[in-house]
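Novice: Chains as they are written, first to last, in this note's numbering: chain A, 52 to 339; chain B, 52 to 339.
No lab work stands behind these hints: they were computed from the structure.
Hints are not guaranteed to be accurate.
Identical copies look the same in the list; a pair holds intra-copy or inter-copy alike.
When the alpha-carbon atoms are kept at most 20 Å apart in a straight line, the in silico EDC-like pairs for lysine to aspartate or glutamate are as follows [to be verified]: (1) 171 - 101; (2) 159 - 213; (3) 185 - 83; (4) 156 - 219; (5) 187 - 219.
One-letter residues, chain by chain:
Number of protein chains: 2
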Amino acid sequence: MDELALVARIRKRSRSRLLGDDCAVLSPKPGEDLLVTTDLFLEGTHFTKDTSASEAGRKCLARGLSDIAAMGGIPRWCFVSLALASKSPTRWLDDFYKGLTTLAKHHKVALAGGDLTRAKTTAADIIVLGAVPKGKALTRSGARRGDAIYVSGLLGRAAASDYKDIPEPRLALGRFLREKLHATACMDLSDGLSLDLHRLCLESKLAASIHRLLPISPGASLLDAVHGGEDYELLFTVAPDTKVPATHQGLHLTQIGTITTGRPGDLTFFGRPLKPAGWDPFRSTRAR
Amino acid sequence: MDELALVARIRKRSRSRLLGDDCAVLSPKPGEDLLVTTDLFLEGTHFTKDTSASEAGRKCLARGLSDIAAMGGIPRWCFVSLALASKSPTRWLDDFYKGLTTLAKHHKVALAGGDLTRAKTTAADIIVLGAVPKGKALTRSGARRGDAIYVSGLLGRAAASDYKDIPEPRLALGRFLREKLHATACMDLSDGLSLDLHRLCLESKLAASIHRLLPISPGASLLDAVHGGEDYELLFTVAPDTKVPATHQGLHLTQIGTITTGRPGDLTFFGRPLKPAGWDPFRSTRAR
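Kindly generate the complete structure, drawing on both the sequences and the hints.
Specialist: Below, the structure written as structure tokens:
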């Protein structure tokens with residue numbers, strides 16, 4: 052099967068008429084800002100040879116959708132650039148796009164384009180475009196001194212599953228945080244609580260104290276919860292007087308600490324300095 | 052150097068404040084359609100270990116800009132997802148982004164975000180977002196029977212340079228084709244004239260006859276001109292009575308044939324059937 056035939060199969064699956072040109076043509080709505088995120092998804096780093104093609108497709112898109120959730124956005128379009136190493140590309144592609152488009156349909160996201168080529172190792176790049184009302188995107192830089200720090204769900208879940216877990220993008224929660232709770236800052240937990248909270252504090256030019264019990268996933272260790280990545284829960288801050296419900300659509304929301312003054316990015320854990328030590332591809336060698 | 056430090060270097064170079072969040076936040080203009088293109092750029096396929104990092108960066112963006120040119124668009128933002136294999140990532144990254152941002156500045160494109168990780172083989176994905184007035188994008192599907200088929204520049208130039216050539220995206224020409232010549236269809240020549248013209252005809256549900264001398268690049272063979280890829284010139288069609296100038300800003304515009312009825316996608320070359328045989332990653336093994 053050649054490239055034209057493979058692309059024809061993808062077009063059929065995506066029910067998209069957009070894949071035939073050099074670019075996709077999209078119509079953003081007036082009054083909205085456009086959100087754009089790109090995430091690499093590499094064999095040997097983000098999935099393994101044991102990951103089924105369908106799981107890989109779902110996980111690939113989930114990572115991108117999680118970034119849109121973190122900004123309080125509504126996902127609209129996705130693009131997948133795929134360098135394929137499979138010896139049976141037709142079967143693998145079919146299953147990969149099946150996993151991806153099932154999740155896409157669930158969140159009303161259109162597969163609007165992409166690229167397809169061959170390589171020695173399978174590598175994908177997922178691009179998701181979304182929208183928020185103009186000027187309303189949640190960012191990492193808006194936390195203020197005294198803000199309460201929250202996480203959704205349970206921490207260390209992915210680490211405890213040896214990163215086989217397929218995350219659920221917290222889109223409904225992200226929107227709730229933007230519209231109802233007016234969260235001051237938000238990001239998704241992709242690289243581990245310690246590293247991600249460090250980043251949020253750096254952007255907000257403040258420090259953070261973790262001084263409450265963490266919602267640790269069954270089977271996960273404290274280290275998994277503090278440093279384990281890929282949970283794709285939301286980490287957010289709200290003004291101190293904000294009434295945060297205990298759950299949103301069944302998902303637990305747990306205060307874990309407070310934004311403080313101090314050297315930007317500094318973290319303490321029950322009074323002691325906490326060094327950010329999550330996932331860093333330029334330091335770690337662990338395959339995820 | 053860790054990921055945070057590497058990202059800090061990129062932010063400094065891009066002079067972008069957009070790289071700190073999970074998504075970039077962009078403001079498309081009302082009355083414009085948004086163009087989106089993604090292109091993989093892989094070591095061993097699109098560049099080699101001999102390609103300098105600076106050339107790789109320039110070529111990577113040039114591919115994306117060429118897609119915007121093909122739609123008659125104005126490029127606005129770019130994103131680069133990069134999986135880096137270099138043993139000296141700081142130096143390589145510096146040079147790669149220097150090559151890329153030099154070209155970006157020339158075309159007033161902002162580096163708005165991306166992703167960065169490590170891998171065994173260097174792989175990049177370039178995403179370019181651009182704009183056209185609503186409903187005015189040039190596509191592959193608008194060619195009509197009797198339209199004249201043109202190409203810009205010289206064919207086979209990349210093949211003759213053993214694909215070391217760094218293409219110049221034809222952005223000014225694309226805009227001219229949309230605004231002044233009202234081209235009926237347009238695409239860029241990335242995979243070779245025969246395969247790309249075949250695709251244009253498929254999308255337009257028509258056939259094509261090449262019956263004029265091709266503008267062949269010095270040093271290139273006829274095969275290079277017909278089947279060689281990566282020239283990144285524009286292939287376009289115009290209504291038969293259109294007055295096409297011989298050059299646009301010094302770039303030659305040459306009629307090579309006519310759109311005809313026939314089985315969609317069929318090509319003839321001076322009266323004989325021409326099989327599309329350009330670059331197909333799922334058939335060819337040639338490294339480019």
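Novice: A separate judgement is required for each hint: does it hold in the structure or not?
Specialist: How the hints compare with the structure:
For the homomeric pair residue 171 and residue 101, the shortest alpha-carbon distances inside one copy (17 Å) and between copies (19 Å) are both at most 20 Å. For the identical chains of this complex, residue 159 and residue 213 are neighbours neither inside a copy (30 Å) nor across copies (44 Å), given an alpha-carbon limit of 20 Å. With identical chains, the CA atoms of residue 185 and residue 83 are at most 20 Å apart both within one copy (5 Å) and between copies (16 Å). Taking the shortest Cα distances, residue 156 and residue 219 sit within 20 Å of each other inside one copy (14 Å), while across copies they are farther apart (39 Å).
In the homo-oligomer, the alpha carbons of residue 187 and residue 219 never lie at most 20 Å apart, since the shortest distance is 23 Å inside one protomer and 38 Å across protomers.
When held up to the earlier numbered hints, the structure conflicts with 2 and 5 and fits the remainder.
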